[in-house]
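A.B. asks: From the two separate chains plus the hints, produce the assembled complex.
Protein chains in written order, with our numbering: chain A, -16 to 686; chain B, 7 to 340.
Each hint can be trusted.
Straight-line alpha carbon distances no greater than 27 angstroms define the calculated DSS-like cross-link-like pairs of lysine-lysine that follow:
{"#": "1", "chain 1": "A", "residue 1": "Lys655", "chain 2": "B", "residue 2": "Lys146"}
{"#": "2", "chain 1": "A", "residue 1": "Lys593", "chain 2": "A", "residue 2": "Lys320"}
{"#": "3", "chain 1": "A", "residue 1": "Lys655", "chain 2": "B", "residue 2": "Lys186"}
{"#": "4", "chain 1": "B", "residue 1": "Lys232", "chain 2": "A", "residue 2": "Lys641"}
{"#": "5", "chain 1": "B", "residue 1": "Lys179", "chain 2": "A", "residue 2": "Lys641"}
{"#": "6", "chain 1": "B", "residue 1": "Lys26", "chain 2": "A", "residue 2": "Lys641"}
{"#": "7", "chain 1": "B", "residue 1": "Lys232", "chain 2": "A", "residue 2": "Lys630"}
{"#": "8", "chain 1": "B", "residue 1": "Lys68", "chain 2": "A", "residue 2": "Lys655"}
{"#": "9", "chain 1": "A", "residue 1": "Lys641", "chain 2": "B", "residue 2": "Lys306"}
These are calculated hints, taken from the structure and not from any lab test.
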Amino acid sequence: MSVEEIDFSDIYKKHQLEDLNHLDSIVVLDGMPEVGEDKMPKLFKALRKTFSGKAQIEVEDDQFYMPMTEGKGQGYIFLTLKNSQEATNLIARLDNAPFDSKHTFLINKFSEIDQYLNASDQFVQPTIQEYKPKDHLRSWLSDSQGRDQFITFQNDQVNLNYHNRSGAPQVVQTKNNWTNSYITFSPEGTYIATLHRQGVMLHGGPALNEVCRFAHPNVKLVDFSPKENYFVTWSNEPIVLPQPGSSTVCPFSEDDQGNSLAVWNIKTGDLLRTFPTTPGKMPWPHIKWSGDEKYIARLVPGQQISIYGVPDMGLVDKKSLKIPGVVDFDWCPWGDKDAIASANNKGTRENMLAYWTPEVENQPARVTLLSFPSRQVLRSKNLFNVSNAKLNWHNHGDFLCVQVHRHTKTKKSMFCNLEIFRVREKDYPVEVVELKDLVTFFAWEPKGERFAIITQPDTTANQQLAPGVTLKTAASFYQLDKAKGVFKLLKTLENKSVNTIHWSPRGRHLILATIGSQSKFDLEFWDADYAADEKKEEIQQIANAEFYGITDIEWDPSGRFIAASASVWRHQLENGYAVWDIKGQELTKASVENFKQFLWRPRPKTLLPKDEQKKIRKNLREYSRIFEDEDAAEESNVSAELLTQRKRLVDQWNEWRKRCRASLEQIQSEQKSSNQGKDDTTVEEWIDEVSEDCFYCYYYTNI
Amino acid sequence: MRPILLQGHERSLTQIIYNKDGDLIFSVSKDHRINVWYSHNGERLGTYEGHNGTVWSVSVDKNSEYLVSGSADNTLKLWSVKTGECLYTWEFPTAIKRVQWSNDDNRILAITEERMGYKGALRIIEINKQQPTQQSAEPKHFFEPAGSKITVAAFTAIGNEVVTGHENGKIAKYNYEEQKEVAASEGAHQDSIMDLQLSLDQTYFITSSKDKVSKLFDTNTLETIKTFSTDSPLNSASIAPGSPYIIVGGGQEAMNVTTTSARQGKFECRFWHKVFGEEVGRVKGHFGPINTIAVHPEGKAFASGGEDGYVRVHWFDESYFRTRVYGDLEPEMD
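Here chain B stands alone, though its shape is the one from the complex (with noise of 0.2 angstroms):
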């Protein structure tokens, strides 16, 4: 399994995904610049400039016509995939940290930071997708959850809900139209949610934490079904589909990198197995901890970003597939 590296941003990922086809990449960093990437020989197809700030979090529509972005510059932009351009800009009073698209394609999420006397917030904003460059500006719903900050959060497959990850290790899942929570677990987790994502039917999502615990929630209920605990600090999880595994990455905090060897930072993209809960095996190659990580959405790939700037994109062998680590007791696939 020969990683493709890109290399294409100046500072640490904060996050990479894939569209919905899986032919690109796209990646946001914190040297103010998103990259879009064929995922298939890692050539950069090119850059979205017009953020001033480290842009937190990207999301793109399944058609791969439209693209968001939340930055630390305290905007969100809409753009068009195809030309580059910047479409619409929102202004909020803090950093944006989080942005996703609905389902349908017709509304986002943006989840803003905690800062400067304002609350964590969450706001549904409606996108016009006739006259792009014509939006309102003011979000359609707009939420302020009382206790611990939203870190993390989704949409689910019912069409008013999200869930979240919290500061404090919260799992919650709220009603936006209502503005109310519809369910929570409280710790959840023990320290920050780093990331959320959710499988491919939605009914079931994958968290990551400081508290080096990656855990598998059913949506519904956001009940426990799997816990994986690792020896260092979680930054991203994912699960990939087709296989009966989830990949989780991490290391030791950036801030303490440069104290010790690269040895103990784990910095490593490590596969567990999710039914049965065992480690089946990792991927070396980031310098610095990892900070996100996608899978292909059919699972033929995954790619992680790393605090050292870089993308690895790991296309699987054909013995990925073949190979069956616990003989033939296999779980249904998604």
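Isolated chain A (complex conformation) (with noise of 0.2 angstroms):
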């Protein structure tokens, strides 16, 4: 046998040198400068010390090689790394890098200088991707029957529902392991954000399907613009940059690196930009938004409030509003008559900004609304022996009330101020409220002129409250008199266990509710206008409710409905959620176990002019008929489909039941007969026992 006949093709593919592989650890430094060969050593020199400075690669100087043409260097140097890993970290770092003030890197790896030479010169037109339509966001909202969604949260199962005004919810969707923490919705409903290990998801549309996610490793909190438009997240973890080269997408930068705090666009997806943790504790959200989302502020205590422009995220003219002291400030809501006037491109009223600051040696406190960006100071009023302040704005815009929390000379007795400042009028009057107790709470009925608080003696000057004991606090209503610019109080309800207030997002109707209480669990339903008719307001409780362990109430947003629940994030005790109708008729009540959520999907402002809904208004009864008629219809079939599934039931035991007698009938039979062979005396006795079984058949079925 000749050695051409012996087939080493084996052999010849076990030894074969992978030859592709060491070009990947050669790369070619573009850019260079043309030096002799006598500079040769000093560049190479300056090059390793940029390595191992910016890229942490060390290179011996016979890892270069300069060709030479006429002693002279041509601007290139190839450079034989140890590994391609190597290579590939340095051309991710100093790839278009200056390397000193005339020249900056342009560094390819060898193995793709032939890709590049060989790239054709004829311009290809690239393929534009097909467009795919998107989900409708909003198609919840062309339900036929109008009705409002809700989310329930229990075990990992959440469930998106739709609110049947009688009747158990209807489930529309239903997604498991979902979310790691909490489930929130956007300000208009459109989106629901859940929150996992690697970042934010926002779903929408008919199927809940994902719209765009958010890379923020970690993120405990979250929050949106007032407009959904951007996105704001925030982790206890400072943001870490993954290591180079691996495959991890991530959207920061290195100037990102240890902030905490990211604003992300929601329809692009991108990232804006990141701030680092204010110090000290701050409550969510730390960013504050301006109500036409054109800025966003950021506060430092005792320092400054940065604002700054958005979407390019700049910081405004350069400079922060520098306010020694300040504690906390909080925008103007952006409100209808606003939304209407820039509609109607009439000038809108610039945004504004309401902070305040603590008394300082010889300086009073101090309550500023400031215009912005003007930065001009509209209206200021200095207050003393202040202990502590508490910004509410009415959600329109229209007013601001400041409760401020008193103490006397002696420091050892609180008491309470409410300055409210009418900021649609001219000069902005300011009116004080003087009480002797302290407000616990304030909330301002949303569109409308009133306010309800709820105060409590103070307490901090007598002994502690012996367990068991609820605090007594009262209830108050005010109004604002227009006639006499003055804010009246209407009623005061004494001797109540309730701490919190909840009006609807239509006004008029609020719910009294104690919340967090061992004993008292226990909700009041108040009308604000119940003779309204009669040209006499006067504030009517037209219902109460108890709900055990209550810990959240939500109005629904057509303020029709009020739901409460018992969160298994507050404690254990039975868990679960109930629902009312406004006149306190309960309408659902659930037991869950491990329930943690309950969520009503907000809805978008109306998109109908005052005059069409003045219109509807007025034809309300017609089309409260057709209404009517559509639940009777409704109601019937439902009644109709029970009672048939309930026939259903019924046949299908009854059928069960006379199977199960006739085998019992054969079992007896054949029983019988295989003793009879045996012993009389059993016999005798089975008898006795079966007639005695259809005794008993026959007399219950008689009962």
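C.D. replies: Right, here's the structure in full:
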């Protein structure tokens, strides 16, 4: 056998060298200074220093190769690195980075050079991706019956339901293991945000598909901007960039490292900017949006308020509002009046914000109303003996109430002042309501000129309350007297235990409730215009209810229903939820183990202009007749359905019983015949028993 | 419906039963005693003393002549109902958790606990009624089923079969003469089965489990007929003859009771419609978990025994039988 005849192919295959790979570890440094041989060591030294400093890659002189033509370099150098990983790192760190003042690194892998040489000079039209229609994000609004949706979250299951006025809710979507912590709706209900270890996902559309995602690892808190164009995420862990070369998608750059607050654009899914967390305890949200979404503001307590433009995220006028001692601030919300003005292109009111500073030495405490971006102080008010203050804007930006906790000169007892700014009037008049007690809860009537407060006597001076004794509180209602321009007390309800007020989003109705108590769980349904038809406004309780272990209360967006829930996040006692209508009639009550969250889906603002709304209100009677007919039809439909369902169950049962009886008879006759052969006495007993059984059967069917 | 409170036990109840005529109630408890009561007024007729441990289970024959009881003192006793005399005592290596007379009143079954190296066992003992004090010490049949131990058992209409509930939630049917499993439903429940009671004609039975669920099974096929899901562990369930209801009871486990409020304990007897599977009512009263429920054999009353040591006997009002929660739609009654 000659050598030619031997098949070596298997050996070749086995020992084949992967020659392509080592080319991967060679890079071409372009854009280098064109130096002669004499300056070569100096250049290499500089390069080595740059590489070890900026890319943590150590190289030796002999790893460089600089081709020379006529004793001069051509501006490019070959560098052989230890492996391709090192090459990748070097490119990632230094490609397009400056080397010195005149030269910039242009680094490519040697293996890629061929690719570039062979690149076609012909321009090829990039194929335009086919347009994929997006889900209709507001499809739930087109429900023929105009029902509202709500979410229930128990165990690991999230249900999206339509709320039926009568009968059980209709489950639209069920998602398992959807979120790692909680769920939140955007302010107009378009998106649902779920939190995960890797970041946040927004869902929407009829199937609740993913709309976009924001990769913020270990996100803990989220917030939407008021017009749901932007999104804010916060994590307790500072942002860490992934290892270079790793495949994880990371929207952050080196500048973001160490920050923990991120602002995103929802439409594009892009990161706009990150901020560090402000030191000290701060209530969420850390970033406050102006009503028109043009600015965001961040408080640095005691120092300044930094305001950034949106979406460019630059500090407005390159300077923050320096306010020594500032404790808290808030933007004036964007009301319906502003929306109408902006729609009609009538000049809108400039953004406003209010802040307060405490007393320091000879300077009194002060609340200031400031317009922005003109930075003009519109109104400020000095306050004395202030221990704390809280800013409460009316949700349509008509009023600002500053709840001022004051102490007496001896500092032994506390009382409260309400400083009410009427911000739509000329010169921003301020009215003071002085109270002897402490205000523990304050709530403006949405779309109204009333507010309700809960007061309780100051207890700091007294002894601690005995356990189990609930503190008596009082609820008071105030209304703006337009003629006199002052807020007057309408009514005070003494001897209550309630500690929260929930106004209906449409005003007029409100719920007083006791939340977080060990012994009281009551809800009181109040109507602030009970006798409005008789032209005398009378506040009247219309119903009350109890919900054991209540932790949360939420009005539905239409202001017709109230939901209360007991969440397992607060305690483990009888978790679940209940829904009442405005009259206090209980519609649903569900005791659900491991119940976590109940959320109504918010609705966008109505698109109907004022006059159209008025027309509807005028013809309400006609509409209601149609609705009542629909209701009646549905009710009879439902009850018919239920009846047939029950009938089916009974038939099934009866049929099964019939089969049971037949088989029993068979067994008994079998046993009888087999026993007959054996023993006579048992036969007798058997007969006895059977007849007795029959007697019972007869007896029961006749009860 | 005013309950009659039977206060004769010093510790928690373990089982209560009615006799066939429904005029007597037998109750057993952790205080080692067996009590017998007149069901119509709650007067105590007598006490059977002799056990030296928790009495777990009791059963009376159809003529209310003989009583058997199984106890944690590892003995099974045969009593004369009338005289209160202990006629015979069997000794076993472990506690007796469940006893029952057979349909022909000639045999009893005894379930023994799995402990100290002994497997849980099923014993069938022939009873000599001619000379009640002369019994054979050895059981006629002895069977140690493999797998999870038996917690509850009952004779079926077929002479040599028993249905059993197990600690892991399994339901099975055994032929004790041939010592084999006839049918089984693994995973019928998710947790230990606490009680198993047959319907009057024995064609179906109800189970209650720690997994908060009670179920109706076809005795013949062991098929699940209905499922009743509640929010608390269930210790007992009973089928009410003459009405379309079942009664379940339980509550948070005794060991946790002191840590929370009574409200959370859910110590109520709950009535469910057995065909529609909806809860129709609750009876409050116990201040501890309900351990055992028994319904009068004619469905006129029910009794519940609790961890609190009380038996509450409720005679149904006239309105209970008249009220038709679901209108004219009613299933066939047992």
